[in-house]
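Starting from two chains that each stand alone, build the complex the way the hints lay out.
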Amino acid sequence: MEIFQARKRKSTLAAMALFVALGSSLTACSGNTGNTSGSKDDGNSAGSGGSAKQEAPVTIKIMSDFTISQPPSADNPVIKEFEKKTNTKLDMTWVSGANWTDYVDRLNVVLSSGDLPDLLKLNDVTNPLFQQMVKQGVFWDLTPYLKSYPNLMTYPESVWNNTTIDGKNYVVPVARPLNGFVFTNIRKDWLDKLGLEVPKTVDDFYNMLKAFKEQKPDGKEGTYGYTMRGHEVLDGVFTNSNGRWKDVGGELIDANFDPGMREAILFKRKLYEEGLIPPDFSVMKDSQFWDLATTGRAGATAETIEAQFRWTFDQWKRDPKVDWMPMSSLSYKDGPYAPEYRGYIGVLAIPKKVSEEKLKRILSLLDFGASEEGGTLSLYGIKGVHYNEENGMKVATDQAVADSVGVGAFGKLFMRYDPYMYAYAPGMTKEIFDRNKQVIDERSKVAKPDVAIGLVSETDLKLGADYTKKMADMKTQVIMGKASIEDWDKLIADIRNDPNYKKITQEINDAYKARLKLTNP
Amino acid sequence: MNTHIAKLGKKTRMSDKPKTDRLWLDIRRDRYLYLLALPGILYFIVFKYVPMWGVVIAFQDYSPYLGMLQSKWVGFEHFVRFFSNPDFMILFRNTMMISLLNLLFFFPLPIVLSLLLNEVTHHAFKRTIQSIVYLPHFLSWVIIVGITFLLLSQSSGIVNMILQWLGFSSYDFLTNKDTFWMLLTFQNIWKETGWGTIIILAAITAVDPQLYEAAKIDGASRLRQTWHITLPAIRNVIIVLLILRLGHIMDVGFEQIFLMMNGAVTDVADVFETYVYRNGIQNGQFSYSTAVGLFKSIIGLILVIAANKLAKKLGEEGVY
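First to last, the protein sequences are chains A and B.
Take the first sequence: its position 492, counted from the start at 1, is 492 in the numbering used here, and no numbers get skipped.
Take the second sequence: its position 185, counted from the start at 1, is 185 in the numbering used here, and no numbers get skipped.
FYI, nobody ran anything at the bench for these hints, they're computed from the structure.
Hints may be right or wrong, so weigh each one.
As the list claims (entries may be wrong) - The calculated lysine-lysine pairs, modelled on DSBU-like cross-linking and capped at a C-alpha distance of 30 Å, are:
1. B/48 x B/216
2. A/469 x B/177
3. A/430 x A/135
4. A/285 x B/177
5. A/503 x B/72
6. B/296 x A/353
7. A/193 x A/430
8. A/470 x B/296
9. A/317 x A/220
10. A/270 x B/177
11. A/462 x B/296
12. A/193 x A/213
13. B/72 x A/462
14. A/490 x B/177
15. A/270 x A/448
16. A/462 x A/352
17. B/72 x A/502
18. B/177 x A/482
Quick caveat: nothing in here was measured; it's all calculated off a predicted structure.
In isolation and in its complexed conformation, chain B is listed as follows (with noise of 0.2 Å):
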């Protein structure tokens, strides 16, 4: 028996050593590529790694000048005063209704447009009209909520003067309770649906050409082709981009939000991110305000996890 064992542990150590060693070899070998990783796995080392352990001073009474070593441990003091505050309610409704909408009309907008793209047949039109769908992605927020200020202001905006010279009375597009998530969603329809079509006619380019001649001689029309082969092909990369978007179904965009809120509307448009922003930078509460965001991103993790388990259920791939 005492043998066994031994014997056993020899063994194990025995093909551990030549195994460090072939992973040193290994090292040696591709030495330029590791190289070349090098950069990026210093990046989430240096910038996301170690950062995570910040989230340490949301169990503290943190104050920057002691430090997150010597700063007062309270445990889940602050998760309480969030859960119990009567305005998580309200954020959280907000947050995941603007999250909602984008998901039900912004997400399904780029499958959409690449399916037209692709039907195109006259390459440089192609190619014309997916440079200017891009376009708007790479215009700042800033610029955007500019725009939309010039345009629906109640006093001075184009759409209302020519509402006003149409005869009708003037809307308060900013300043509207009841319409403003629609506008928050058509702002982000305008600006990424463009962008949104870049992984998703990567995906088409790789169908099978065949497929499509195949179909063509059983007499498939070309919706009938888009049905059958391109929608199923590209499925698995519809289910994937499905499954990260849940990830950040709580990250509804600070920067938009921020922007397009005003007095009359914080009802609607106070969520987690802005919350964060003023209780945490405003008012100096940092442990507060990094509870809130370590809720956030746990949720965030929950769906994710949960979406992959399902999409596996139902016999797709998943994330990982």
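Here chain A stands alone, though its shape is the one from the complex (with noise of 0.2 Å):
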């Protein structure tokens, strides 16, 4: 009866134990228990680090973003693949990326936990955690390593300069094409039905949008022209600027206090008025934008080349003559506008506990991906299994889905810089892939970049949110009648005059000005 009892105590402790370090596990997101592949993976880094370099293959724990239905599997041959290469062994976790803003809250998550993988995936240099957990020394400052890995330094230049912090390499950027990214895009084949031609202004661009919605090409009732999804990219066009900050005469300023961007409400208040919008698109989830777009309900939206691509080839089954095409650029006022993308999707980080030694082996990790047979690998798998080459061009096989091969998985970590990436897409004709080819070399003659990519503000930070989310919520209300444009004058004088507000633009332009000075002594 005693032992019965003690047992019993003593099992009841260890289920609470168990349960506690469930709970610990949970938070650090660690798929597979933290505690033992830690210890593990130490002891590797030693042993690479006294003997022959090239025998123990080192475990790398990785955390990184998918963005499609599953993630790779531990077995994907592409993961082995990368392991044999580069004589390591990844130990990833992947997590869902679809909603961005989950993967961040996780990131969070993982950040304060302290328990942090060996490389770490980020959204951004401009993470307030990561940038509080750089200055307190968490994470490896990567530029004296940088240097000696040549296809990493493929990346332009404008993409390492803009993931700085004080100057600095704490990351690496894992490249995107700079042009190819989300702008309108538009129903060619309803254009040539209309006898249109490809809009060149903002005026073109309404008067298309009514000929859509009032001729109807697809026949369907209640057409609309535009989905409004990503209708900030109009934003850019009236205020001639890409992104929160506009450079006016080497002073950064807010895009919200351009007198462009009240134009660019107003013109949308009319869109709305006129019913070239859908009356709910403020509410309106991303499945249903593309419902419109793809059942010929709208004839505009905005989303990247190669991903718009996709959702044609899935049109394609109901209506072979769907035509979506890439716009090249919009103009306004002040000339030809496209916005020029980032450069990166996201940004990977190694924290200090990792030896030396280790850090090297990550980096010429990455250096792999970047290479030509790396990238080629985590965007294509691997020939013959995943993809055959026909006319130059690559094909992907039905076990390249079945083995997560491509952007939406591998693409997030290993990356091989190329212009032309978002140009392409599995199941794209010749032609297509040369014209979207064509529209990336007209944007890149005119692209804006954003000035302001990875620039600090600490004010920013900490109160920054608040400002950003009062201005969009009053544009949509602006928009949608539901206030008058002169609320929005007088939310914009409030804010300009805001001392906070005013802080945060003085310590925009002097980190702006600072990374001028590094990058251009």
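Structure below.
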């Protein structure tokens, strides 16, 4: 009886302990137990540091995101191939990034738990927690090492510059092309049917939307002009600047204060009043935007060139004549505008608890991922298994989908810089591919970079989100006629005079000037 | 004098010892009951009391890397920032209004529904209705908000399609500031009314049937019976529920509001919970959002204590 009782107590305790351990491992977000594998790879790295480098494969714990339905499994052949080529053992934790804010929430939990993987994918260097931790010396300063990795060095200089903190590289960006990202796409077949030209100015764009709505080229009741997906791109057209900050004679001002922004709001309000956009765009989910776009009920939307084609490819099953064409640019008063993408989809950081020896191995792994061979492996998989070459184009097999090859998972981690990457998506004909490349070339002539990428203002991290949200909400309300444009003017005037906001603007400008000095000495 | 004190001391010590012994004996005797309670006690210690120490970060400039022990102490800085924020009044107003609407329209409904169910004499019918009204409680907010969007969407919602078919113009249910609070209250009523009847129905079954018989003999109608017997009998339970509800007056349900919020209605939809989420989780300002959360809890505590005092003054039992 006594023994029985004692045992019971012990097992309750054990169960409790297990429960607690489970809880902590959950918050640490490591799919497979934290402590044991941690000590294991410490042993490994010590081993590889001491003796022959090539013998013991080093275990690297990685946390990264994926945007396809299933993450690659542990015995995925592409992972195996990466491990073989780089003599590593990759212990992957894939976190869904389908909704990017979810990934950032999870990332923040991992950062605050302190139980960091060896290689951590971050949304950006501007992540407030990451900034804090860099200052506390949690992450490696990679600046002295990077020069010895030639493939990583092929990334555009602006990408490297934009991911520095105080002039130092604490992260390796995961490159993406500078052009081909989200901008307006239109139904070229509708234009042809109605005998319209591809719009050049915002007025043309408006007339096109009006024609789409009134003449319903696919004959569907309730046809709109523009889905309003990603309608922020229009703000850029009107302010002729990309992103939150606009460079006006070397001085950064909030683009919301630019008179162009007021014009943009009034333009969208006109679209709303005339029913050229869905009345409930502000509550529509992504799938609903796509529903409108792919059922012939809207003739304009916004997306990357590559993703737009994936939708088109799907739509072809129902209507093979559909032709979504990415626009090269749109112009308002200050000439043609297209946004330039920041050139990276996220950044990778390595915590200091990793030994220097292992750090080099991790960088070699990333360097391999940025090479011709590694990049192909990441995006297309293994030749003969995941793709075949036809007319100089790589055609994916069904196995490629089964093994999660492509930008949706491996491409979030390993990427060779290819300016035309966004021009291609599986299933694309050569003609469309060539047209997309041409669009990218044209965009690159006028594309505006976001001047403030990677710049940080301490005050902004603390208070900025509320201002941004207020302005965004007010825009929505004015567009929907729930507030007047004077309300907007008043809000802008208030924020302009707000001492905290003045401080944010000052800090961003200081950071901007400091970076300009560093990059153009 | 001295001896007297010594005696007293001795006396208390004397009576002390057997007391602890008796306690120990009690524990030994009821050891299985204590064992049974252990998981619950551990649950409260591990998940409620230990994390409670975390509120100290509301008075620090907490950095996860430095931890609670080494982060800098800043006193009431975060509270000052919160109260001097012009958004504070908006958040407070929204939270209170949503809560009060719930209290006014949602709270009485389970009572009314229970009284109605109590009058149903057909047993199987009563059971079925009871089960059906419980069901929505088990749906998550994600699903309910999804259904709401499907029904009320302006461009493709069924309700608006019917309105248009009948010749009315479509109505912007989801993006209308004026009706947003009512929409939330309505969702809450739909989801939780049935579930709320459980406790009330249980209380009603405890009413002595002799009272009803006596009333019947006196010629009381059913309405009279409800008014003079059932309601007074369950008054205690209603008051306890009301007090507990007041304690949660600042909790208006994060999920529901977060999911229902959109750019057109943020002015009326932003509440403390969504604010804490935005600042704490998304912006990593743990100390600041803890301060906001602490403020919320303190208001809740004050209300519970005040309501309980008031209930006692009015001659009711209260929760403790």
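Status of each hint after checking the structure:
no., hint, in the structure
1, B/48 x B/216, "violated (50 Å)"
2, A/469 x B/177, "holds (17 Å)"
3, A/430 x A/135, "violated (49 Å)"
4, A/285 x B/177, "holds (20 Å)"
5, A/503 x B/72, "holds (23 Å)"
6, B/296 x A/353, "violated (39 Å)"
7, A/193 x A/430, "holds (23 Å)"
8, A/470 x B/296, "holds (23 Å)"
9, A/317 x A/220, "holds (18 Å)"
10, A/270 x B/177, "holds (21 Å)"
11, A/462 x B/296, "holds (21 Å)"
12, A/193 x A/213, "holds (14 Å)"
13, B/72 x A/462, "holds (17 Å)"
14, A/490 x B/177, "holds (20 Å)"
15, A/270 x A/448, "holds (26 Å)"
16, A/462 x A/352, "holds (26 Å)"
17, B/72 x A/502, "holds (27 Å)"
18, B/177 x A/482, "holds (9 Å)"
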